[in-house]
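Residue numbers (our numbering), protein chains in the order written: chain A, 1 to 332; chain B, 1 to 332; chain C, 1 to 332; chain D, 1 to 332.
Note that these hints are calculated values from the structure, not bench results. Each hint should be verified, as a subset may be incorrect.
As the list claims (entries may be wrong) - If you only want the chain C side, here are some residues facing chain B, beta carbon under 10 Å, derived:
no. : residue
1   : N135
2   : G137
3   : G140
4   : T146
5   : R150
6   : P154
7   : D158
8   : S161
9   : A191
10  : T318
11  : S319
12  : A320
To be verified - Derived pair list, reagent style BS3-like, types lysine-lysine, alpha-carbon separation capped at 27 Å:
no. : chain 1 : residue 1 : chain 2 : residue 2
13  : B       : K203      : C       : K203
14  : A       : K102      : A       : K244
15  : C       : K244      : B       : K244
16  : A       : K244      : D       : K203
Predicted model, so just to flag it, every value in this text is computed and none were measured. Cβ coordinates follow ideal geometry from the N, Cα and C atoms, glycine included.
4 protein chains.
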Amino acid sequence: MVRIGILGAGRIGQVHARAISETKGATLVAVSDVFEDAARALAHEYGCDVRTVDEIAEASDVDGVLICTPTDLHADQIEQCARAGKAVFCEKPIDLDIERVKACLSVVEEVGGSLMLGFNRRYDADFNALKGAINAGRIGDVEMVTITSRDPGPPPMDYISRSGGIFKDMTIHDFDVARWMLGEEVETVVAQASVLVDPEIGKAGDFDSINVILRTASGKQAVITNSRRATYGYDQRIEVHGSKGKAEAGNTHEARIEVATGTGFERPPLLDFFMTRYTQAYAAEIAAFVSCVETGAPPPTTGEDGLRALILAEAALTSATEGRAVKTSEFA
Amino acid sequence: MVRIGILGAGRIGQVHARAISETKGATLVAVSDVFEDAARALAHEYGCDVRTVDEIAEASDVDGVLICTPTDLHADQIEQCARAGKAVFCEKPIDLDIERVKACLSVVEEVGGSLMLGFNRRYDADFNALKGAINAGRIGDVEMVTITSRDPGPPPMDYISRSGGIFKDMTIHDFDVARWMLGEEVETVVAQASVLVDPEIGKAGDFDSINVILRTASGKQAVITNSRRATYGYDQRIEVHGSKGKAEAGNTHEARIEVATGTGFERPPLLDFFMTRYTQAYAAEIAAFVSCVETGAPPPTTGEDGLRALILAEAALTSATEGRAVKTSEFA
Amino acid sequence: MVRIGILGAGRIGQVHARAISETKGATLVAVSDVFEDAARALAHEYGCDVRTVDEIAEASDVDGVLICTPTDLHADQIEQCARAGKAVFCEKPIDLDIERVKACLSVVEEVGGSLMLGFNRRYDADFNALKGAINAGRIGDVEMVTITSRDPGPPPMDYISRSGGIFKDMTIHDFDVARWMLGEEVETVVAQASVLVDPEIGKAGDFDSINVILRTASGKQAVITNSRRATYGYDQRIEVHGSKGKAEAGNTHEARIEVATGTGFERPPLLDFFMTRYTQAYAAEIAAFVSCVETGAPPPTTGEDGLRALILAEAALTSATEGRAVKTSEFA
Amino acid sequence: MVRIGILGAGRIGQVHARAISETKGATLVAVSDVFEDAARALAHEYGCDVRTVDEIAEASDVDGVLICTPTDLHADQIEQCARAGKAVFCEKPIDLDIERVKACLSVVEEVGGSLMLGFNRRYDADFNALKGAINAGRIGDVEMVTITSRDPGPPPMDYISRSGGIFKDMTIHDFDVARWMLGEEVETVVAQASVLVDPEIGKAGDFDSINVILRTASGKQAVITNSRRATYGYDQRIEVHGSKGKAEAGNTHEARIEVATGTGFERPPLLDFFMTRYTQAYAAEIAAFVSCVETGAPPPTTGEDGLRALILAEAALTSATEGRAVKTSEFA
């Protein structure tokens, strides 16, 4: 039985707590939160202890820790838990600063720790079917990737201001997916960024509508399109083009029905909440973490993946701001 | 150059005249119509003569005749033209009465004539691609066929009253398609017929909503669904299920676009007029007729096909009326 | 907390046990099975008692009983549990004999019992979205329903021989769905039945390929197409046509991807197992039962629904065998 | 009757000659070609004269001239015909050199001539339906455009070497479509260009796989993805995202069928030839030209459109080569 502690009893902490409760071979031992009521509520629901971060990090009855706290706590808590010998799962990003991430990963490596990063899309069944088709050679060598990712609407302004900006907060998932699909590291990044959805976002120094082109050493390219607005739901698509064909993974509608009348043929909007869209992916992600803790296998999504995605975000922001093609080597 | 005469300058006569004008190796020589203005207008547009039916039938400069007159004239005109040595193309049905059709076909056979019947759907590119997939063995042996055919709206009541009823007027096309797809003659017919669209249709002794099951000697089955109402356009689908899979041919929308908003994903309605939906099929049908006249090849859709579809219509009507399974042998 | 006992620890019993364990407000108290090992295994997995049928029926710590035993035990066990004051959930069918079902329902009524029938498709989210669109008036008055239901392959011959035949075993689900979608009782049934998949099925006196037309008093019609073969997966579709449009609920593919190459655009086959296809529906069904036990509300799918579907099955079989339209009143 | 002369009897000249023959109110008077056999063959097919370029430019019986010669003759012939008072239709591009194009447009303006440019996609029915949906306000204000355009395979190397490069030869169509959909001029261009399909293309100094981001003054963006390879046919898609939703126009398959077997659900490849894909668009384009000649209305696609698309091509090439964001004002 893999024994789990959770740091942070907020929205994503609750999602993971539920996933733990439904994963065979895993049990939730303890939860911590600076808001004690939140911690108590979660502990009550799943029958576990409320403890402090230190208690969880040091506990002899905890094998793995899920870090679901605000971003600015991630790096310290990763280091603390890794030093205490715990397997660590951390929500993205590790930190908004590349150097801090590098330092954190060094600590993890030094102590021989295991760090899994929460890139939930890598655990989505459809995206994995897509990757499987590519790996099976059905489209030949990958040449071009197109990723469309649009949120139903912008987050609250106070979230925006703490988010690190659209590239580090939203596009970071697409950078990771692009790396996964390209199968080769990115060398050059160009980007354009606009404020089209809400002027307040621009006043906060951020963007809400971006396009990025990534390019690898061998010339493979990926395009990412992001918007903080999609009236029709949470738009999540990947298209991969190769020497022998193309493959794509599509969206998930609220229901699999179509109504035809004099005005046309209408299907329902897309699922419009990331937790609903990725329910299966979140569960599979936690199951993967539990399995890694149990077997000692390396995690499928690592701290290194987190670092590389963050570098792409920094490069994209630099490109959009400075109007030039940016090399990832500038941040390596 | 294949020289063509047309009997009947109405809607379908005009469609065929245009097709002739666009078919290489064919020329329109003459047209007749009891309404001389109609004949003159068509003759003017395509630069051909206005003549009487007798003149066209006897003309030495006419190789083939398209019969586009009202149904009650078909059989007589087929016989007249065939006896005069003309290749004949006739719109369905030959006649509403099975015995009259049989007599007509006997005359054609007796004089060694060539009669092609206007089952336009047999010339549709998508349906032929479907048939091609079946012939190529992609779905194995055909087991079950499902045909959906719904008109955008009912025809005028005076058309209904002269039409011979829904089975002989509308379903007759589906009976022909079912025979084509089944690849085996039908032995048994059961049907249900309702009036759901317009009570006036019921008062005229007809139906507007029907379902038919056809069954061959080896047990293959076809289902036909017809309605005189489809708010979303002209609904024309064929699905064929076989031992190794299924194949289907779908509908044609007004445009290949989709608009997604907060209420859903909407595609335009279907093309809602049979002449627009089957533009390509009508052209291919006339090209096939011209080719048969030129080469002497037997027509792809024959008088025999017309007779068999009519027998299925009669059997379906009998089944719906008498509440029993009807054998086609009762009408053979 | 609603306390549940399960009679029968076979495949469907296990599915329901898992559903109970994931339903808030429900707990599994006991299981019985003539095969003690099966009962013990299930009891071990979910931490409940192994008891006899009598013990469960009489238990003071059981509120509701799920009957998942072979069909020939259903009616007796329903009566026993209902008499003992338990809320009962029973898998379809109640019995293969109409008179036995009527007698059973009389007992339930007499003792004021509550009986829910396991028509799982009524709890499917897509079918409910379809029904919701109809109820919202989006397609106007329902006129015609088309239900396609094909199994990936035939069940074992010993299952076939005990099944009561395709109409009572397989089509019975579609009869129930047809009634649900039509919103009006069926008056007349015509059917055709063939053996196309496996001659052994014919030797056992059964069929594997059927079409049925149902007709209500007002002339609404439903067509059901069944086959015991579908190489491409579990084919489950409903199309409803009304005065203002049509609505349909489609299939579920293994994954939401498409691969395009020189040979075409390919999507994966359908889910090919009813438990995978209807995972959500089975869970919702059990949640509905638990809710009914808790609140005393009448079940969404009743013994009466089971009886009416069985009568349609008997009528369809009679029609296919005798070659005539059959009135449901013959079995009322 | 609008009287037309054609310069150039090659592939596209033949397409337009056929379109003229099928356009009411238009007649083909004469054709010229340096290869006299080609001119004679076309003249024979459509019953027109063979003349020299000078004879056509000066002819009193010619109202409009279609320029279908090689690119390096376009600008001179436009000037000659415009000076002679002929309405001119010219295939894209006017010239590969921006300054030469500007000079040519000055001449046309000076003599009060009318110049229509052959951007065939602007006449495609589906793309016009898309534009119509946008104009009708269905997706609100346009924010982001995504254009995917992939050729089935690269053209011959000698075509590549004379083409002016992928941006001026292939992407130029997409630049025009992007401007059309954005409804606002582009200010900034970034691009990446690779050789992934055929190293010979790289040796010729060209690219075969490119991505471009266009950005307008108000921050609207368009992404264009091009490849000289698409095994599955001619891939032509437009997606437009706005403040109230998104709209897209899709591909055209060889046939509207789907075959489902144990390996999946397969639709045929796309039409794989631009003339087949855009048959309707070419006909509509010529009809538009004829209509403009007849009514004196300004052409829907102008020399100015040709210039602006060429500037975008030059800017994209510069960006890809120099690794920087390029302003279109650099070429204005």
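Hint check:
no. : hint            : in the structure
1   : N135            : violated (17 Å)
2   : G137            : violated (13 Å)
3   : G140            : holds (8 Å)
4   : T146            : holds (6 Å)
5   : R150            : holds (7 Å)
6   : P154            : violated (13 Å)
7   : D158            : violated (24 Å)
8   : S161            : violated (21 Å)
9   : A191            : holds (8 Å)
10  : T318            : violated (12 Å)
11  : S319            : holds (8 Å)
12  : A320            : holds (9 Å)
13  : B:K203 / C:K203 : violated (48 Å)
14  : A:K102 / A:K244 : violated (39 Å)
15  : C:K244 / B:K244 : violated (37 Å)
16  : A:K244 / D:K203 : holds (23 Å)
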